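K.L.:
All chains, full assembly: derive it from the sequences and hints.
Protein chains in written order, with the working numbering: chain A, 546 to 972; chain B, 546 to 972; chain C, 546 to 972; chain D, 546 to 972.
Treat the hints as calculated values from the structure; they're not laboratory data.
Careful, some of the hints might be misleading.
To be verified - Now the stretches of chain A that chain B is said to cover, found in silico as 3 or more residues with beta-carbon under 8 Å:
1) 631-642
2) 711-723
3) 791-804
4) 909-923
5) 926-932
What you are looking at is a predicted structure, and each value in this text was computed from that prediction instead of being measured.
For every residue, glycine included, the Cβ atom is placed at its ideal position computed from N, Cα and C.
4 protein chains.
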Amino acid sequence: MTRGDDWRGVHASEFLQSLAAQLFLTRAHSQELAAPLSAEDQCVQAMEDASPTKWHLAHTTWFFERFILEPHLPGYEIFDPRFNFCFNSYYETQGARHPRPQRGLLTRPSANEVRAYRAHVDQGLHQIFAEAVSEDPQVASLLEIGVHHEQQHQELLLTDILALFSLSPLRPAWRELTIAPQGAATPLSWTSFDGGIVRAGHDGEGFGWDNEAPRHDTLLHPFRIANRLVTNGEWRAFMDDGGYTTATLWLADGWARVQGEGWRAPLYWHETDEGYAQMTLHGVQEIDPAAPVAHVSYFEADAYARWAGKRLPTEFEWEHAAAQSNANPNGARASGLFTPDAATGEGLSQMFGEVWQWTQSSYSPYPGYRPPEGAVGEYNGKFMVSQQVLRGSSCVTPQGHSRLTYRNFFYPWQRWQFMGLRLAEDA
Amino acid sequence: MTRGDDWRGVHASEFLQSLAAQLFLTRAHSQELAAPLSAEDQCVQAMEDASPTKWHLAHTTWFFERFILEPHLPGYEIFDPRFNFCFNSYYETQGARHPRPQRGLLTRPSANEVRAYRAHVDQGLHQIFAEAVSEDPQVASLLEIGVHHEQQHQELLLTDILALFSLSPLRPAWRELTIAPQGAATPLSWTSFDGGIVRAGHDGEGFGWDNEAPRHDTLLHPFRIANRLVTNGEWRAFMDDGGYTTATLWLADGWARVQGEGWRAPLYWHETDEGYAQMTLHGVQEIDPAAPVAHVSYFEADAYARWAGKRLPTEFEWEHAAAQSNANPNGARASGLFTPDAATGEGLSQMFGEVWQWTQSSYSPYPGYRPPEGAVGEYNGKFMVSQQVLRGSSCVTPQGHSRLTYRNFFYPWQRWQFMGLRLAEDA
Amino acid sequence: MTRGDDWRGVHASEFLQSLAAQLFLTRAHSQELAAPLSAEDQCVQAMEDASPTKWHLAHTTWFFERFILEPHLPGYEIFDPRFNFCFNSYYETQGARHPRPQRGLLTRPSANEVRAYRAHVDQGLHQIFAEAVSEDPQVASLLEIGVHHEQQHQELLLTDILALFSLSPLRPAWRELTIAPQGAATPLSWTSFDGGIVRAGHDGEGFGWDNEAPRHDTLLHPFRIANRLVTNGEWRAFMDDGGYTTATLWLADGWARVQGEGWRAPLYWHETDEGYAQMTLHGVQEIDPAAPVAHVSYFEADAYARWAGKRLPTEFEWEHAAAQSNANPNGARASGLFTPDAATGEGLSQMFGEVWQWTQSSYSPYPGYRPPEGAVGEYNGKFMVSQQVLRGSSCVTPQGHSRLTYRNFFYPWQRWQFMGLRLAEDA
Amino acid sequence: MTRGDDWRGVHASEFLQSLAAQLFLTRAHSQELAAPLSAEDQCVQAMEDASPTKWHLAHTTWFFERFILEPHLPGYEIFDPRFNFCFNSYYETQGARHPRPQRGLLTRPSANEVRAYRAHVDQGLHQIFAEAVSEDPQVASLLEIGVHHEQQHQELLLTDILALFSLSPLRPAWRELTIAPQGAATPLSWTSFDGGIVRAGHDGEGFGWDNEAPRHDTLLHPFRIANRLVTNGEWRAFMDDGGYTTATLWLADGWARVQGEGWRAPLYWHETDEGYAQMTLHGVQEIDPAAPVAHVSYFEADAYARWAGKRLPTEFEWEHAAAQSNANPNGARASGLFTPDAATGEGLSQMFGEVWQWTQSSYSPYPGYRPPEGAVGEYNGKFMVSQQVLRGSSCVTPQGHSRLTYRNFFYPWQRWQFMGLRLAEDA
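P.N.:
Written out as structure tokens, the structure is:
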């Protein structure tokens, strides 16, 4: 991505040292996430949108093997040539692959073999550094992509396990934990921003995906944005006011989905004798009225905003507000997953580390966008239609993976991710 | 929409006179379009996206009856109270309705009864003017909407008949006609436009849909746009170069569609012993290499642009280019349907009257957009997700229905409309 | 089928005279059935299982043209060569054909053109007799098959129109008629039959389909059979007793269907403010408790029988009981359709002319069954799996089309025919 | 089932001793079958028709717990009350249950927990005998049913694992083994049988399912039956002669299936560079032309028979021929699974122990059939529609589970069982 001695604005050797540290921490962290899961838990696919844990562990490993070790590490021995078929996700340029809806049928290789596969590739990655192959800027860039790619899959690993466990009559927990309610929510307030031309997108300093670039001018109209996320308690008021049964609140496609799938509450809420409860990574829990609502689709977020007389922000409004208020993607979250006091800027809280925030913006290329050359060019560009952008990050986003310019994207009906919303309005 | 004596910038009585003329011409034109069709042709539904001719004729009539005659014309007698169920399209506020996929099962009322229904409602509309009810600005506004609503359905009537006839082994023609090839296409050239803030959207002068407003600032980046549409001949080159079999040219959703539905050419092309031919409203015709390609989806348009090393314009680039080059929506098309010398601006041709032109812009609300109050508020806003904007107009768009600011919208996989493309690129 | 001067047990010339009469009466009767229907009514297909009236009229005509006129009438001119594609039903040997689910898309040829097609073919059929081509036993046999084939389609024409009209919000009537209730039903009684070897199947005297032959020995076990059909009133008691909500009454496949399609009553029953009413060929009518229940599937008939502590008869029990009690297929029904005093034997009533009666027998070949040579060999044999046999005939079976040995067959979930049941039990 | 001192024709205590032996051998055998499988292999469901190994192991255990230990063993403690929901298959009387298509989502309980569940229940079963509860004839009868029920699931366990492994790109083997070709097939010959009334069905001596009873008279017509099964080599000739592309060979439903699913060979055959190979429980193997063809549907078996100018036997022809030729269900198969020299009668070979043999008979109740009282009454009767009977047994049928009167049944399109065919014809 850059060349000469200066990479990403730091000296190359410093950058590589830090990259190596980040790489092996990330590799180890994936294993930690999988540690509480049995071999069976790691094998099964909850639904077509989700993937098995084992597949995530193997696919992220395949990425390093296929794009770095195989072409760049002299003498590297491929662990098992059949894995290219098994663990390619969607790279059309990388040959035929196992069909996505059948990922859960891969009982072989076993969880143990995948662990061995990971160790074998980690060995290779160590050699990449030991033999200074990493000094090739193209390799360094691929290593960095590989780290961020694996971090994405760490988040998916957790959302997919939640999807799986939510379908189990035994309602298992990924990790046992009792979550204390947060007390009252911060009162809702609004911060105003002027319109005008502002810069948006990634500036090339530090890592960013291709779809965050190029940094470019965009025109904002004056707007106001809420200081915090919509809460479970507020969502409950929407439900009690007939939110899920009032057609005129909904986009036409959304209403069809509500009726076709019988939506009546966020994805993981279910009725019990004592009212609603919520399936979580820690098993069934009470619903905390002060906590941000999670696992709602774009259709639901949009309907809620209409019900509240507001709208969702655009992705540029969100980014500008976050930048102006000095929201810090990694600030408050010292302890990794599930720290409730998530990242906060001046006046705006919960910008990161709680739930991904639906925006009104459809996922499109930025002016001047070009996908990278080669196989990684398939990474983001080919999904630029029919999806909506989400901004911020969630409570299961790995440390170091949040950015002001990050663009997450999902279809408007999807809701198994940790997704919520923040309101906005015209000023 | 406006008030006082001045409506739409003209004196009220003048406006009403012109509106009456336009109304009854439009009402009559719908009948002319249906005239070549048998009772059976008018009854059947080609597919779920399409509607029967008879349904179009009755639904547009129901619109006038339900929203104007029933509430505003004292003493008006409803033609048949059951028609509210039969001919409501999607207005959730107007009660239960016949399911869309079953519109083609309505053998009753007959084509003759629908004609009588139209006459009855036309009678009422005449009274609206005779009794000066039309001087109520709300009524006048609804009448104007009704005209434009019916014009939209005139276009759909034709696209839906083509869809129906294309599925008939007899390949009937709506009107018999032999179309002469156009000769060589104009050589492709490019017009450059500077970036900067420009105004876009409807300014309230003359009729416009809610979704075209408000007029607002938008920021353009420097771009170039093609002087004409992509031709059948150019499309054929794309096909011959493996366009439909090269995964990397396609959006992921598009590639899934190509494979799932076996797309190999535009919708109405089919192979014969002498090569490809094309089903049209005039029956099967040769494919004219110089004519604009039609009946391609957004997925196909996007893949073609990628193959050509270009991209599609945004809707604002299109609008700005059209405005700057004085493209005249109604200029060159004196004679109604199917005049090939379609509207042209300085340097840019084929902006109107050929095929709707896919843009890169997803269909979203303009800054400050508010849907109108009342039932007509369901008209445009509730479709603002997952669709792409098309600009211009087509050879089957009725006279007077084209505008620089017109926003048509369809799902990226749809292709039964007269849809094509014009290329653009960053300057 | 027969040879020498003796055909079907009568002298050939006598047989041919009678055949000609029957042929042209049948041809005319089809037209009469279609007479109350508009062009639109005749064109549309209610569902995949059903066909449009126009298609029935054309397909039965195609049968004569394709199998008799084209090969056997010198100088015959095919009416329109494209009709072989349009109106072939399922004869794999006769080339490619229009897909069944799209029969309702054939707006062309029009109802008028199909009438002309019928006249053209009738002309040819007259010549067949005038030029004595009919004396060729193979031709005579095909003519006879053609008559019975058209009679079958006459019944389907009516059941398919009912299916279509039942889906119309206007609930049209094929013919206006008010049906008076029948008064109290005959008290239920049981007739016993001994077991033993009996003969079953068609003996070659008069017309019979291939699937009714050969006449063969079959072994009965002692049984008792009800004197009449199950009534609407009895069915209502089954419903009120939770018949449609008690899983243990149902075959597993039936229960899945009940739940998947929300069955709660016979097909054409619907709830009104005054209780259930029934859609019929004469529009919506009250439900007569004494009349036989109609439009129930095999699954429902079987569940009812289990609820009643009985079972359905086998097809051989039915045939034997009918033969022993001298039930006369054509006796009491002088006046054609909808005569309620349907055919009756000694002690057993309603064997014919009310509703087809589901039997416990799956539709299988008789011992020694051979499909006929040639295209008509596709007629019955290729459906001999997964279907159940129904015996008797219905109120819409044409005069002369009922037989003691007639085997009708449908899938166990189908219920749009005039289908009901008679109970039986082991003696 | 019987009472007094004489059970099943032997003295009660003797019977119970043998039952106990059989029970615990069967329980242990299930574990042996699962032994080569990993936890993941045991968890995943290949398709909706199949179930996971773990589910088979738990469900058969639940059967003993639910129907025997819980109601009959005083002081028995239920292992986990949630398992009633998890491992009920289809017993409507036993309350709500986990949906069949989601059996593979049950990653919990783990394979280890299921093993513990089995041990816990085995403990209870030992007490049943120790405390002489087994002397209650109802309990003894349920124990016997439980054994045979588990044996059925042993066969399913293997067929379902094959289905799963066939979908794996790694093509794993359940047990590694290389199978030597059998040499030339026995020449085909035909044994004739007279017609007449014969007895069929189970006589109450030894165990039999409810659907095999009552023993009753049935009438046979003279027939001939093949001395052996149709071979792979013969099937290959059918394929090479266009068997899968000739519509007229097929039942209509079968032809639709051939085209819809692209059938071109038996289920587990696939083309390789050296011709066809076959996926088996021992991994990919060469196809032995002399071995019986396996994994063909009824549709295919029926089409093959038509191509060969023969037909399939009825189930009574099969049973009579087997009885007359003294075919011994358990004779030749001393060593359990996969012994190729399967059971043979005088003149007829391969009656048992190779592949289940499709018959022409639909699966219907025998005259006088009554399902047993209570929950086990749901066992067989509710499937008596739309399926075909298969006779004999297969190479994966457990020792002791084959009988002359055994009626297996599957839908005509199913082919993942070890299914083949033997030809017959009218004499």
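K.L.:
Now tell me if each hint is right for this structure.
P.N.:
Comparing the hints with the structure gives:
1. A count of 3 residues in the stretch 631-642 of chain A with a Cβ less than 8 Å from any Cβ of chain B is obtained; the coverage claim is therefore met, three being the minimum.
2. Only when three residues or more bring their CB closer than 8 Å to a CB of chain B does the claim for the stretch 711-723 of chain A stand; here the count is 0, and the claim is violated.
3. With 8 residues carrying a beta carbon less than 8 Å from a beta carbon of chain B, the stretch 791-804 of chain A meets the three-residue requirement, and the given coverage holds.
4. A count of 5 residues in the stretch 909-923 of chain A with a Cβ less than 8 Å from any Cβ of chain B is obtained; the coverage claim is therefore met, three being the minimum.
5. Note: the stretch 926-932 of chain A has 5 residues with beta-carbon separation from chain B under 8 Å; the three-residue rule is met and the coverage holds.
Violated hint for the displayed structure: number 2, the only one.
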